[in-house]
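J.: As a plain string of letters, each chain reads:
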Amino acid sequence: MAYTEEELKKELETKEYEYGFYTDIESDTFPIGLSEEIVVAISKKKEEPEWMTQWRLDAYRSWLEMEEPEWANVHYTKPDFQAISYYSAPNKKPKYDSIDEVDPELLDTFKRLGISLDEQKMLAGVAVDIVMDSVSVATTFKKTLGEKGIIFCSISEAIREHPELVKKYIGSVVPQKDNYYAALNSAVFSDGSFCYIPKGVRCPMELSTYFRINQAGTGQFERTLVIADEGSYVSYLEGCTAPSRDENQLHAAVVELVALDHAEIKYSTVQNWFPGDKQGKGGVYNFVTKRGICENHAKISWTQVETGSAVTWKYPSCVLKGDHSIGEFYSIAVTNNFQQADTGTKMIHLGKNTRSTIISKGISAGKSQNSYRGLVQVGARAENARNFSQCDSLLMGDQCGAHTFPYIEVKNKTAQIEHEATTSKIGEDQIFYCNQRGIPTEKAIALIVNGFSKEVLNKLPMEFAVEAQKLLEISLEGSVG
Amino acid sequence: MELKDKLVNAFMAFENQVDLDHPVHDVRSAAMKVFENQGFPTKKMEAWKYTSLKSLEKLDFNIFPKEAATLEYKDVKKYFLHEVDTYKIVFVDGVYSSFLSETTHQGIDVCLMSAALTKEMYKPIIEAYFNKVASKEENLTALNTAFSKEGAYIHIPKNTQAMKPIEIIHFATGREQALLLQPRNLVVVEENAEVQILERHQSLSENAVFTNAVTEIFAAKSAIIDFYKVQNDNNSASLVDNTYIDQHSQSVVTLHTFSFGGKMTRNNLNFYQNGERIDSTMKGVTIIGDGQHVDHHTLVHHIQPNCESHQDYKGIYDGNSTGVFNGKIMVDRLAQKTNAFQQNNNLLISDKSSINTKPQLEIFADDVKCSHGCTIGQLDHDALFYLQSRGIGKKEAQALLMYAFANNVLESVRIPELKKRVNALIAEKLGVNLGFEL
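Protein sequence lines correspond, in order, to chains G and D.
Numbers given in my numbering equal positions in the first sequence, counted from 1, plus 205.
Numbers given in my numbering equal positions in the second sequence, counted from 1, plus 12.
Hint data in this document are derived by calculation from the structure and do not stem from the laboratory.
Misleading hints may appear alongside valid ones.
What the simulated footprint calls covered on chain G by chain D, stretch by stretch (three residues with Cβ under 8 Å from a Cβ of chain D suffice, anywhere in the stretch; the number is not a length) [as the list claims (entries may be wrong)]:
1) 368 to 375
2) 472 to 481
3) 616 to 624
Computed beta-carbon distance windows for the label pairs [claimed, not checked]:
4) D:Q400 <-> G:K372: 53 to 59 Å
5) D:K18 <-> G:T258: 50 to 56 Å
6) G:Q635 <-> D:E429: 44 to 50 Å
7) G:E275 <-> D:Q400: 50 to 56 Å
8) D:D363 <-> G:K372: 38 to 44 Å
9) G:E273 <-> D:G331: 40 to 46 Å
10) G:Q635 <-> D:E58: 35 to 41 Å
11) G:I644 <-> D:N351: 24 to 30 Å
12) G:E273 <-> D:G405: 15 to 21 Å
13) D:K56 <-> G:K372: 43 to 49 Å
14) D:S362 <-> G:E273: 38 to 44 Å
The beta carbon of each residue, even a glycine, is placed where N, CA and C say it ideally should be.
All chains should be built: construct the whole structure from the sequences, respecting the hints.
T.: Quick look at the structure:
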């Protein structure tokens, strides 16, 4: 056989982070450190109204009193919050109407990422709100969306132009004091996306944002707010790549979804922050709070493909508040080398006849640790709640670990909960079967991994499924024991 | 006075009762320090998230039992497995009752911990096994170790089979307003030996009893141990049962827990597989109602390759009862070819009952088969209708289905009389008379 596992392993280990490059764009960066002054300065810089400044300060003050959580199954050196610069924005600021006006250097960056704007524009009509560091510099297809009454802009723009919407919903799903990182984010969030779908409107295209951490030493504090008004539908895509960096970067985002009566939100994420090199040096800390609230007959569906970050701490959750609401969570988490992931979901059943589905696939390779941590909670008044959870882990090599911590708390007798979990490795007989039929080991592994994660990959929108599969290949190919 | 302070003071009095020069006393003192530092577990601790000891800590417990109260055999006969001949180790209010007991030293040792801890002839065994597998960190285990003095001592030598099952029964007579019991058991089963053990805690009055028991079990190579815990105490009794099992190559340990009674019952089962080709089985049936709380915490630590573990826990919760299941399977890097299975099924019968379950896997080896399943649901309406349409009353039909639900666990009970007894208990608990024997 030409291609052995050892070779494959070697190839994978020597495979550097493909998207690790650094674009030299002048940024105007705040002095490092965090204080009330910095919080106020960020708010001023963004030309925010007073209530917003106050809101940030409230968050900052409660953050000061909170302690960094330690319960997650991850180990890392805690970030020094005084050594981070809390704001950076690309300097050349005018907004572009056409692609030609965009800084060529920036365009080149996107080309190397394989998401050139023009290509994106053509591809299935995706509107891209690109976040280069913290300020969005290009928004496409805004006009088409505008005709339908859909608001899709950066959150700072929304604060300026649609304060009533922001004021009503910001912090309604993830309160400022929700947790340590959510409080920090509430105080210092620099930008993010805002999306509002009016009543009965079906968003004609997939809304998409590409995030990038670009400036050395800046933490990225994104804040996303998606509101689907009664009877509307939106599919939202979020994807991340970050350049190679030696010091650990902190990413503490907050995503809030509001699905009003009969609305549906589909939120898909491909996360590929820099995972650190194969010695476990560097990499992004990804501490994210994502939560959605479902009113009557509403549906929220989270799909995520997690391949990056040195440390991931992320639990996209659904609060099924309304009757007949539905929550879904589909996840693939891949860890390699020294990556650590503690991810999962929370399904809080409060309304009657609520349903939730959890499908989680964890793949660990190298010396990584992969944990699923989930909570299914059925309140005393949540009649006829139904949940199905499945978490499967695939282990590659004997140096890695897979962990499951599913919490199930039921206070209503009409609930029907099923949970199952399995842990296994790729069977020698499976590979042998493929080999026998002329499929080389490398291909066989890709095939099996693909099959293992198919249930989740199928849930991704077309545009993302391609990228996700590519990421799976990069992250896993060959790390087979 | 806080219960913790009371216990710390009581320890000084306790030191007057025991031989301070015995090496075991160093173990006790060290354990007392651990407890003094940590106190009682609180809900802030992950392992005690769903179970609170707060109400117990408020009670004014009597820590040292007075001289033995006398019990007539006919009054307590029903608590024994009297249909078959057994060895018996019986304690009344924590004091050994020679009248009710039937111990032996012929071939095997079935006797008292107090004897084992003081007599010279047991010293090698005590030195080799006492407080070796039990946790030195866990709060309540440390508390038990500090006050360890009395309990059951069972030693089965090499290639020997205990001819009769061994019953360990703790009675509380209620002469004290509130009684704290801390029995400490040691079971050593040597190579190729076999034993069956039953354990039971029974309160005979409505006065509060809090039992904090620790049992250490050693299963040497190819040993076979069959352990049954029957928990059908009345609603004023609380029990924290810590069992630690150290298994060596090819040993087979099966442990059944039947939790039907008690106000608060917490079972901590810890299996450590220190050898290859080991089989560990844990099974449990929980049927509880108003005012009851049962918490099963299990741990199977797979340390060596080629071992198996099976867990099957069924729970039926009525009234405002609460149930907790936390099953943890750890598979070390070395423990390749491990097969670990865990199943937890729950039925919620009433609107006020609740269940918290957390089946947990921590796996560091790649060539393993580990799975867990967990369900929470109700009785199948179609099945219920089927039975009713054939003239079986609703209550009886429900009971039949619930019995079927729990039957998996009962099937593996190897003492027929005990099986019958548990069946009767289930029927009683479900409040039905089916008119035939299940």
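J.: If a hint holds in the structure, say so; if it does not, say that too.
T.: Here is what the structure says about each hint:
Check result for the segment 368 to 375 of chain G against chain D: violated, 0 residues qualifying (beta carbon to beta carbon below 8 Å, three or more required). With a threshold of 8 Å between beta carbons, the proposed coverage of the segment 472 to 481 of chain G by chain D is violated, since 0 of its residues qualify and at least three are required. For the segment 616 to 624 of chain G, the proposed coverage by chain D is satisfied: 9 residues have a C-beta within less than 8 Å of a C-beta in that chain, meeting the threshold of three. Roughly 57 Å separates the CB atoms of D:Q400 and G:K372, a value that falls within the hinted 53 to 59 Å.
For D:K18 and G:T258, the Cβ-Cβ distance of about 55 Å falls inside the hinted range of 50 to 56 Å, so the restraint holds. The hinted window of 44 to 50 Å between G:Q635 and D:E429 holds, with their beta carbons roughly 49 Å apart. A C-beta distance of roughly 54 Å is found between G:E275 and D:Q400, which places it inside the suggested range of 50 to 56 Å. Between D:D363 and G:K372 the Cβ separation comes to about 40 Å, which falls inside the hinted range of 38 to 44 Å.
Judged by the Cβ atoms, the range 40 to 46 Å given for G:E273 and D:G331 holds: they are separated by roughly 41 Å. Evaluation of the 35 to 41 Å hint for G:Q635 and D:E58 yields a pass: the beta carbon distance comes to about 37 Å. Taking the beta carbon of each, G:I644 and D:N351 are about 29 Å apart, inside 24 to 30 Å as hinted. Checked against the hint of 15 to 21 Å, the pair G:E273 and D:G405 fails, with Cβ atoms roughly 59 Å apart.
Judged by the Cβ atoms, the range 43 to 49 Å given for D:K56 and G:K372 is violated: they are separated by roughly 36 Å. In this structure the hint that D:S362 and G:E273 lie 38 to 44 Å apart at CB holds, the actual value being about 41 Å.
Going through the hint list in order, the structure does not satisfy hints 1, 2, 12, 13.
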